[in-house]
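Chains as they are written, first to last, in this note's numbering: chain A, 1 to 96; chain B, 1 to 226.
Warning: the hint list may mix true and false statements.
[Claimed, not checked] Calculated cross-link-like contacts (lysine to any residue; reagent style SDA-like; alpha-carbon spacing at most 20 Å):
| id | chain 1 | residue 1 | chain 2 | residue 2 |
| --- | --- | --- | --- | --- |
| 1 | B | Lys189 | B | Ala40 |
| 2 | B | Lys189 | B | Pro122 |
| 3 | B | Lys189 | B | Phe60 |
| 4 | A | Lys82 | A | Thr21 |
| 5 | B | Lys7 | A | Ser26 |
| 6 | B | Lys189 | B | Gly119 |
| 7 | B | Lys189 | B | Gly83 |
| 8 | A | Lys82 | B | Ala70 |
| 9 | A | Lys82 | A | Arg31 |
| 10 | B | Lys189 | B | Tyr178 |
| 11 | B | Lys7 | B | Ile17 |
| 12 | A | Lys82 | B | Gly83 |
| 13 | A | Lys82 | A | Leu72 |
| 14 | B | Lys7 | A | Met25 |
| 15 | B | Lys189 | B | Leu176 |
| 16 | B | Lys189 | B | Pro45 |
| 17 | B | Lys189 | A | Asp54 |
| 18 | B | Lys7 | A | Thr21 |
| 19 | B | Lys189 | B | Gly213 |
| 20 | B | Lys189 | B | Ala117 |
| 21 | B | Lys7 | A | Asp54 |
| 22 | B | Lys189 | B | Glu42 |
| 23 | A | Lys82 | B | Pro84 |
| 24 | B | Lys189 | B | Glu215 |
| 25 | A | Lys82 | B | Tyr178 |
| 26 | A | Lys82 | B | Gly213 |
| 27 | B | Lys7 | A | Leu72 |
| 28 | B | Lys189 | B | Ser50 |
| 29 | A | Lys82 | A | Met71 |
| 30 | B | Lys189 | B | Gly214 |
| 31 | A | Lys82 | B | Ala86 |
| 32 | A | Lys82 | B | Pro45 |
| 33 | A | Lys82 | B | Pro87 |
| 34 | B | Lys7 | A | Glu28 |
| 35 | B | Lys189 | B | Thr2 |
| 36 | B | Lys7 | A | Arg27 |
[As the list claims (entries may be wrong)] What follows is a set of in silico ranges between Cβ atoms, one per label pair, in the way DEER data are often shown:
| id | chain 1 | residue 1 | chain 2 | residue 2 | range |
| --- | --- | --- | --- | --- | --- |
| 37 | A | Arg77 | B | Pro91 | 14 to 22 Å |
| 38 | A | Ala78 | B | Ala6 | 15 to 23 Å |
| 39 | B | Gly98 | A | Arg83 | 29 to 37 Å |
| 40 | A | Arg83 | B | Ala40 | 48 to 56 Å |
Derived from the structure by calculation, the hints contain no laboratory data.
The beta carbon of each residue, even a glycine, is placed where N, CA and C say it ideally should be.
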Amino acid sequence: MSELLLLFDLLLTVTLLVLATAAIMSREPRRAVILYIAFGLLLALVWARLRAPDLALAEAAIGAGLSGALMLAAARRATAAKRQHASQPGTKGETS
Amino acid sequence: MTPAWAKVLIPIVLIAIGAVLVWAFSLAALEGGDRLALIALERVPESGVSNPITSVLLNFRAYDTLLEVAVLLTALLGIWSLGPAAPAFQPASPILGGMIAWVVPLLILSTGYMLWAGGHAPGGAFQAGALLGAAGVTLALGGDASAGLPGETRLRFLSVLGVLVFTAVGVILMALGYGFLTYPEGYAKWLIIFIETAATLSIGVTLAAAYLGGEPRDERTSRSAT
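Bound-form chain A, shown alone (with noise of 0.2 Å):
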């Protein structure tokens, strides 16, 4: 049983790095957004398994959830200020 717990703690430990690796590496701002809300959820598997419910708790409805969905609202923005930008070039003399 402490064997299987084992694999299971190292299988997590090494999905959090390459999730945590491939969302700073991704270029698009959503895909990253999505990979950290992926190792937030994780992570609050990790609390769990330290038995630290009361951080895995916030680790998941703070860190995963609310973060997350701030900062695919950002990402939305950022997305549609960019394309509004390219679309009208008579404009960026102005704004930059």
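Dock chain B against chain A, hints included.
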């Protein structure tokens, strides 16, 4: 896009910060001596709540939590000063709308449970506030331009309520001869629940308002215009 010097400088600064953090952690981990955790665990029964996390957050180190709530308020002020909010999402389809009508009351109910459970089990003001904020975000995703938040005057009052109640309790206790946020015996539990209730409301309102991402005045005029 990024200047060349930034590409070199930013990783160097990040590595330096990381090295300092590793150094600080190794100092704390290697050095012997009394840990605060043991002292705090011993005195949990005196704190008025049986959950050790809540006893530290709202009693032993209440000052830290007060500052955390103030940080959230500052963040919200920053977001409000950025300009108008993003346009609202399109109204939800009947299926999504029906689901939202179920989920939002459940989230608010869970908020109350999480707040009360914080005294003896995992939970507390921040988790409860996050659930309340999630109810607002769900409403916003369903096309509600104000995320279920009240008008600007009440919204401003609700967002400062946490800091206000927290500080007021501290100052009144000081005036009565106790220390700042040093609860008198027997009243600790009710004072903690009182502060946590105000903090939960503030945190929930702050998170939902942060999701809208702009000053509240425009929200109200756009709602009355449509």
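Cross-check of the supplied hints:
A distance of roughly 17 Å separates the Cα atoms of B:Lys189 and B:Ala40; the hinted pair therefore holds under the 20 Å criterion. Between B:Lys189 and B:Pro122 the alpha-carbon distance is near 16 Å, which keeps this suggested pair within the 20 Å criterion. As the CA atoms of B:Lys189 and B:Phe60 are separated by approximately 13 Å, the hinted pair is consistent with the 20 Å bound. Taking the CA atoms of A:Lys82 and A:Thr21, the gap is about 25 Å. The hint is violated against a cut of 20 Å.
Restraint check for B:Lys7 and A:Ser26: satisfied, since their Cα atoms lie roughly 17 Å apart, inside the 20 Å limit. Using a Cα cut-off of 20 Å, the hinted pair B:Lys189 and B:Gly119 holds, with the two alpha carbons roughly 8 Å apart. With a C-alpha separation of about 41 Å, the suggested pairing of B:Lys189 with B:Gly83 is violated against the 20 Å cut-off. For the hint linking A:Lys82 to B:Ala70, the alpha-carbon distance of about 33 Å lies beyond 20 Å, and the restraint is violated.
A hinted pair counts as satisfied when its Cα atoms are at most 20 Å apart, and A:Lys82 with A:Arg31 qualifies at roughly 16 Å. A distance of roughly 16 Å separates the Cα atoms of B:Lys189 and B:Tyr178; the hinted pair therefore holds under the 20 Å criterion. Pair hint B:Lys7 plus B:Ile17 holds up; C-alpha atoms about 16 Å apart against a cutoff of 20 Å. Proposed proximity of A:Lys82 and B:Gly83 is supported: the alpha carbons are some 17 Å apart, at most 20 Å.
For the proposed pair A:Lys82 and A:Leu72, the alpha carbon gap of about 15 Å is at most 20 Å, so the pair holds. In summary, the hint linking B:Lys7 to A:Met25 is supported, as the alpha carbons are separated by about 15 Å, within the 20 Å threshold. In summary, the hint linking B:Lys189 to B:Leu176 is supported, as the alpha carbons are separated by about 18 Å, within the 20 Å threshold. Our distance criterion of 20 Å between C-alpha atoms is met by B:Lys189 and B:Pro45, whose separation comes to about 11 Å.
Taken as a hint, the B:Lys189 and A:Asp54 pair is honoured in the structure, with Cα atoms around 19 Å apart against an allowance of 20 Å. With a C-alpha separation of about 18 Å, the suggested pairing of B:Lys7 with A:Thr21 holds against the 20 Å cut-off. A hinted pair counts as satisfied when its Cα atoms are at most 20 Å apart, and B:Lys189 with B:Gly213 does not qualify at roughly 36 Å. Distance hint between B:Lys189 and B:Ala117 is fulfilled; the C-alpha atoms sit about 13 Å from each other, no more than 20 Å.
The hinted pair formed by B:Lys7 and A:Asp54 fails the criterion: a straight-line CA distance of about 38 Å is larger than 20 Å. Distance restraint check for B:Lys189 and B:Glu42: the Cα-Cα separation of roughly 17 Å lies within the 20 Å cut-off, and the hinted pair is therefore satisfied. Restraint check: the Cα-Cα separation between A:Lys82 and B:Pro84 comes to about 17 Å, which is no more than 20 Å; the hinted pair holds. Simply put, B:Lys189 and B:Glu215 have alpha-carbon atoms about 36 Å apart, too far for the 20 Å limit, and the pair is violated.
A hinted pair counts as satisfied when its Cα atoms are at most 20 Å apart, and A:Lys82 with B:Tyr178 does not qualify at roughly 56 Å. Annotation: proposed proximity of A:Lys82 to B:Gly213 holds, straight-line Cα distance about 18 Å (limit 20 Å). Under the criterion of a C-alpha separation no larger than 20 Å, the hint pairing B:Lys7 with A:Leu72 is inconsistent with the structure, at around 26 Å. Restraint check for B:Lys189 and B:Ser50: satisfied, since their Cα atoms lie roughly 10 Å apart, inside the 20 Å limit.
Pair hint A:Lys82 plus A:Met71 holds up; C-alpha atoms about 16 Å apart against a cutoff of 20 Å. Our distance criterion of 20 Å between C-alpha atoms is broken by B:Lys189 and B:Gly214, whose separation comes to about 37 Å. Between A:Lys82 and B:Ala86 the CA atoms are separated by roughly 15 Å; this keeps the pair inside 20 Å, and the hint holds. Between A:Lys82 and B:Pro45 the CA atoms are separated by roughly 56 Å; this puts the pair beyond 20 Å, and the hint is violated.
Restraint check for A:Lys82 and B:Pro87: satisfied, since their Cα atoms lie roughly 16 Å apart, inside the 20 Å limit. Straight-line distance between C-alpha atoms of B:Lys7 and A:Glu28 comes to about 19 Å, which keeps the hinted pair within the 20 Å bound. Annotation: proposed proximity of B:Lys189 to B:Thr2 is violated, straight-line Cα distance about 53 Å (limit 20 Å). In summary, the hint linking B:Lys7 to A:Arg27 is supported, as the alpha carbons are separated by about 16 Å, within the 20 Å threshold.
Between A:Arg77 and B:Pro91, the C-beta spacing of about 20 Å keeps the proposed range 14 to 22 Å intact. Separation of A:Ala78 from B:Ala6 is about 19 Å and conforms to the stated range, judged on CB atoms against 15 to 23 Å. Range check, B:Gly98 to A:Arg83: Cβ separation about 33 Å, and the 29 to 37 Å hint holds. One distance hint, 48 to 56 Å for the beta-carbon pair A:Arg83 and B:Ala40, holds here, with the actual separation near 52 Å.
Checked against the numbered hints given earlier, this structure breaks hints 4, 7, 8, 19, 21, 24, 25, 27, 30, 32, 35; the rest are met.
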